[in-house]
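2 protein chains.
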Amino acid sequence: MGSTLRYLHHPASQPCRAAMQFMLENNIPFEEEVVDITTDINEKPEFREKYNPTGQVPILVDGDFTIWESAAIAYYLSEKFNCPDNWWGRDTQERGHIQQFMNWYAYTLRLGGGAFHWTIFAPMIYGYDKDFSAEIKRGRFLLYESLDIMENYWLKDREFVCSDVISYPDLAACQDLLSHDAGRIIPESVWDKHPKTHAWFRRMLDRPHAKTVGAWQYENVGKILDDGVKFEFKRKTAVLKGTELNSGHNHGISYAGQKDDYIQDSEA
Amino acid sequence: MGSTLRYLHHPASQPCRAAMQFMLENNIPFEEEVVDITTDINEKPEFREKYNPTGQVPILVDGDFTIWESAAIAYYLSEKFNCPDNWWGRDTQERGHIQQFMNWYAYTLRLGGGAFHWTIFAPMIYGYDKDFSAEIKRGRFLLYESLDIMENYWLKDREFVCSDVISYPDLAACQDLLSHDAGRIIPESVWDKHPKTHAWFRRMLDRPHAKTVGAWQYENVGKILDDGVKFEFKRKTAVLKGTELNSGHNHGISYAGQKDDYIQDSEA
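Line by line, the protein sequences give chains A and B. The first sequence begins at 2 in my numbering and counts up one residue at a time. The second sequence begins at 2 in my numbering and counts up one residue at a time.
Think of the hints as simulated: they come from the structure by calculation, not from any bench. Warning: the hint list may mix true and false statements.
As the list claims (entries may be wrong) - Which stretches of chain A does chain B cover? Using the computed rule of at least three CB atoms under 8 Å from a CB of chain B, they are:
(1) 65-74
(2) 79-93
(3) 99-110
(4) 209-223
Claimed, not checked - Calculated lysine-lysine pairs in the DSBU-like style (CA-CA distance at most 35 Å, straight line):
(5) B:K45 - A:K197
(6) B:K197 - A:K51
(7) A:K138 - B:K45
(8) A:K138 - B:K138
(9) B:K81 - B:K131
(10) B:K131 - A:K131
(11) A:K138 - B:K235
(12) B:K138 - A:K131
(13) B:K138 - A:K45
(14) A:K45 - B:K157
(15) A:K45 - B:K81
(16) A:K138 - B:K131
(17) B:K157 - A:K51
(18) B:K81 - A:K197
We put the CB at the ideal spot given by N, CA and C, even for glycine.
One chain only, chain A, in its complex shape:
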């Protein structure tokens, strides 16, 4: 454990905040490096070549070992630092359910983040004159559906999403909802239909490190909503994975085929 851990992240990113909260809750020492994703820094080939071919954050550099994907970072660190086993499961069944949650989350709640992204950030990236109503509707659909399953399955008879103690999935889910909360995406009428989820979310927000990692988001999204501040946001890569219509999370970035006719040709 000789080298200092470098954690490349940005506080606007839900997964970045979740893995960072994991490190803080477990007193794992690290140096943070904010990657300014409002610029195109992580779209540049040298960034992708050096750190992560998808250009996404967070990224953990541990000496000559680099790992990305927030859940994988937390999984790796949990083992490396011998963290308490509540985070990734105390027995075979609980470990299985935690994996189940993280897969479910990837296809549902995480993609529902589009409700926030397309409402708050997309106009800065693509223009205030553009119509994002279809994307926002899709995001809300995924988000509300995810809340339903949080309410009626994950939190049906448990204090936390995978058991009676906190685990990594709670951090992941909480940080997704924190963005929606900062962006005032979820109206009271929807929370009222999900009382267990709402109570769990409030308990999660009360954890000191949830506040630490979430402060930037509340402050800056507050400026956008209350003061009409318009941040510059040059980056075209989807900040939120998989939520861009007709593209993956490298939207606008060249790929092997690069031109549209790569796809057109292939349809022949």
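Given the coordinates of chain A, work out where chain B should sit on it, guided by the hints.
Just chain B now, with coordinates in the frame of chain A:
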């Protein structure tokens, strides 16, 4: 380990095939129950209540313990049956990279399955007169981008995607590509740009159990493509998660808000 494992699945599903191949490769005894996803059986409330609120397969029932999400099933079984540690990692770094792959895969290659779904199955579900070109284009974009990252990152200097030995991510990725192969989605011109990935895929297909679990797909998609057979496909739930425009994988299924005005109201 008293009870017999029940494995609910369908051979048209890439994740179902991956977890099944894992069980076969590890000689894990199970009883299979095919859930006919061409009907609406797994859209029914009683199915969702009993097994999985998302209605998705695969599902594993182990006595009174139920687990879904293919990767979680394989993770759980690997520990329960003390499978060789190549499947989920032989050391801390490899285990971390395997988690990284499975997260990357969920947001990229898995969603690229839309290229297959919208080309082959969607017309049977929604009608042959419908235009799926936008969905197919999105699927191809994600698929080709995923192939680029397979080629230049995961398989850059390795025999298998996470190390020099096979791991669960190889099964997951192979079964996704098997559907594309059966559906003749990936033209030679695209494979030619991804020679390492192509060679890896051929090696993966040579494994006996890859053939066992993939036979149904090749046979039936072959009938569709060569003989013009039109299967009945009633199910509206997205067979492929997250690839439906403006919806999650419960498309067409009621949720707490249910009506469009649930979403409309929330925008106020």
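- Query: For the region 209-223 of chain A, do at least 3 residues have a Cβ located nearer than 8 Å to some Cβ of chain B?
  - Reply: violated (count 0)
- Taken at face value, is the distance from the CA of K45 (chain A) to the CA of K138 (chain B) at most 35 Å? holds, 25 Å
- Message: Please check whether the region 79-93 of chain A has three or more residues whose CB lies within less than 8 Å of a CB on chain B.
- Response: holds (count 3)
- For the pair supplied as a hint, K138 (chain B) and K131 (chain A), is the alpha-carbon distance within the 35 Å limit? holds, 22 Å
- Message: Between the alpha carbons of K138 (chain A) and K138 (chain B), is the straight-line distance 35 Å or under?
- Response: The hint holds at about 21 Å.
- Query: Is the hinted pair K81 (chain B) and K197 (chain A) satisfied, with a Cα-Cα distance of at most 35 Å?
  - Reply: holds, 32 Å
- Item | Pair hint K45 (chain B) and K197 (chain A), alpha-carbon separation not exceeding 35 Å | Holds, at about 25 Å.
- Item | Pairwise hint evaluation, K45 (chain B) against K138 (chain A), where the allowed Cα distance is 35 Å at most | holds, 25 Å
- Given pair status - K131 (chain A), K131 (chain B), alpha carbons within 35 Å: holds, 27 Å
- Message: Using a Cβ cutoff of 8 Å, are there at least 3 residues of the region 65-74 of chain A near chain B, or does the coverage claim fail?
- Response: holds (count 8)
- Assess, step by step, whether the Cα of K45 (chain A) is no farther than 35 Å from the Cα of K157 (chain B), and give holds or violated. Holds, because 20 Å separates the two Cα atoms, which is no more than 35 Å.
- Message: For K157 (chain B) and K51 (chain A), compute the direct alpha-carbon distance and say whether it is at most 35 Å.
- Response: holds, 14 Å
Hint violations for this structure: numbers 4, 9, 15, all remaining hints satisfied.
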